[in-house]
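Residue numbers (our numbering), protein chains in the order written: chain A, 17 to 130; chain B, 311 to 430.
Hints listed in this document are in silico derivations from the structure and should not be mistaken for laboratory results. One or more hints might be untrue.
Said to hold, decoys possible - Simulated DEER-style distance windows between Cβ atoms:
id : chain 1 : residue 1 : chain 2 : residue 2 : range
1  : A       : G63       : B       : R329      : 22 to 30 Å
2  : B       : N394      : A       : R34       : 45 to 53 Å
3  : B       : E311      : A       : E103      : 21 to 29 Å
4  : B       : G376      : A       : S115      : 33 to 41 Å
5  : B       : N394      : A       : G90       : 37 to 45 Å
6  : A       : S115      : B       : N341      : 21 to 29 Å
7  : B       : E311      : A       : T116      : 23 to 31 Å
8  : B       : T338      : A       : S42       : 29 to 37 Å
9  : B       : D364      : A       : A102      : 39 to 47 Å
Claimed, not checked - Listed below are the simulated BS3-like cross-link pairs for lysine-lysine, each with C-alpha atoms no more than 25 Å apart in a straight line:
id : chain 1 : residue 1 : chain 2 : residue 2
10 : A       : K61       : A       : K40
11 : B       : K353      : A       : K67
12 : A       : K40       : A       : K52
13 : A       : K40       : B       : K353
14 : A       : K61       : B       : K353
15 : A       : K67       : A       : K130
16 : A       : K130      : B       : K353
This one's a predicted model, so the numbers in the text were calculated from it and none came from an experiment. Glycine included, each C-beta is placed from N, C-alpha and C at the ideal position.
For reference, the chains in residue letters:
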Amino acid sequence: DIVMTQSPDSLAVSLGERATINCKSSQSVLYSSQNKNYLAWYQQKPGQPPKLLIYWASTRESGVPDRFSGSGSGTDFTLTISSLQAEDVAVYYCQQHYSTPPITFGQGTRLEIK
Amino acid sequence: EVQLVESGGNLVQPGGSLRLSCAASGFTFTNYWMHWLRQAPGKGLEWVSRINTDGTSTTYADSVKGRFTISRDNAKNTLYLQMNSLRVEDTAVYYCTRSGSLEWLFYRHWGQGTLVTVSS
Numbered sequence: 017d018i019v020m021t022q023s024p025d026s027l028a029v030s031l032g033e034r035a036t037i038n039c040k041s042s043q044s045v046l047y048s049s050q051n052k053n054y055l056a057w058y059q060q061k062p063g064q065p066p067k068l069l070i071y072w073a074s075t076r077e078s079g080v081p082d083r084f085s086g087s088g089s090g091t092d093f094t095l096t097i098s099s100l101q102a103e104d105v106a107v108y109y110c111q112q113h114y115s116t117p118p119i120t121f122g123q124g125t126r127l128e129i130k
Numbered sequence: 311e312v313q314l315v316e317s318g319g320n321l322v323q324p325g326g327s328l329r330l331s332c333a334a335s336g337f338t339f340t341n342y343w344m345h346w347l348r349q350a351p352g353k354g355l356e357w358v359s360r361i362n363t364d365g366t367s368t369t370y371a372d373s374v375k376g377r378f379t380i381s382r383d384n385a386k387n388t389l390y391l392q393m394n395s396l397r398v399e400d401t402a403v404y405y406c407t408r409s410g411s412l413e414w415l416f417y418r419h420w421g422q423g424t425l426v427t428v429s430s
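Please put together the full structure from these sequences, using the hints given.
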């Protein structure tokens, strides 16, 4: 199974500042023949189901604000929020779908306002 | 509008059984793989099971293999999860989701979830 490890576990950032969340996979999730990383990012607010933000490591889902961006390849990935807004307080998860089953998620990163 | 509505969650004793349902609408049900995922209270996301478009292929997490059975009724646009031999550690909100295959195996649409509590 591919193990996904996020860092940090929690993060406090001031409004308007940059937030960076990291995700590392135990093996590469790059599908070489398509040059796509099978890595997605989700945002989950309390009492709500997760919301897809980013897929293929860097493709922003329709309707997601452009302050959210994803980067990385192979085993190391980053979700960046360029200018933190109050509504971005949430738990963020990465997910791999390169080697399934099982589909696996990171443990989550809790983002708060400093 | 895509809608996924889970039902069937309840309080059940250890060793008991429960069947969850997910009513799908707003899209062509037969075009999508369907999944169950779960989230224990205060914990992260765990993939539980997946079924392909015509129901001929299913996969399970090791934690539920042999106890849970995923199925679908394409005539009724409904996904099911039969849960037997329930354990305390199965307590979670269970989400129904849909995906494409392979490169599209991520989750754009989620239900609101149904709570399963296993306790004596």
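Hints, one by one, checked against the model:
no., hint, verdict
1, A:G63 <-> B:R329: 22 to 30 Å, "holds, 25 Å"
2, B:N394 <-> A:R34: 45 to 53 Å, "holds, 48 Å"
3, B:E311 <-> A:E103: 21 to 29 Å, "holds, 22 Å"
4, B:G376 <-> A:S115: 33 to 41 Å, "violated, 22 Å"
5, B:N394 <-> A:G90: 37 to 45 Å, "holds, 40 Å"
6, A:S115 <-> B:N341: 21 to 29 Å, "holds, 24 Å"
7, B:E311 <-> A:T116: 23 to 31 Å, "holds, 28 Å"
8, B:T338 <-> A:S42: 29 to 37 Å, "holds, 36 Å"
9, B:D364 <-> A:A102: 39 to 47 Å, "holds, 45 Å"
10, A:K61 <-> A:K40, "holds, 23 Å"
11, B:K353 <-> A:K67, "holds, 16 Å"
12, A:K40 <-> A:K52, "holds, 16 Å"
13, A:K40 <-> B:K353, "holds, 19 Å"
14, A:K61 <-> B:K353, "holds, 13 Å"
15, A:K67 <-> A:K130, "holds, 23 Å"
16, A:K130 <-> B:K353, "holds, 23 Å"
The structure shown violates just one earlier hint, number 4.
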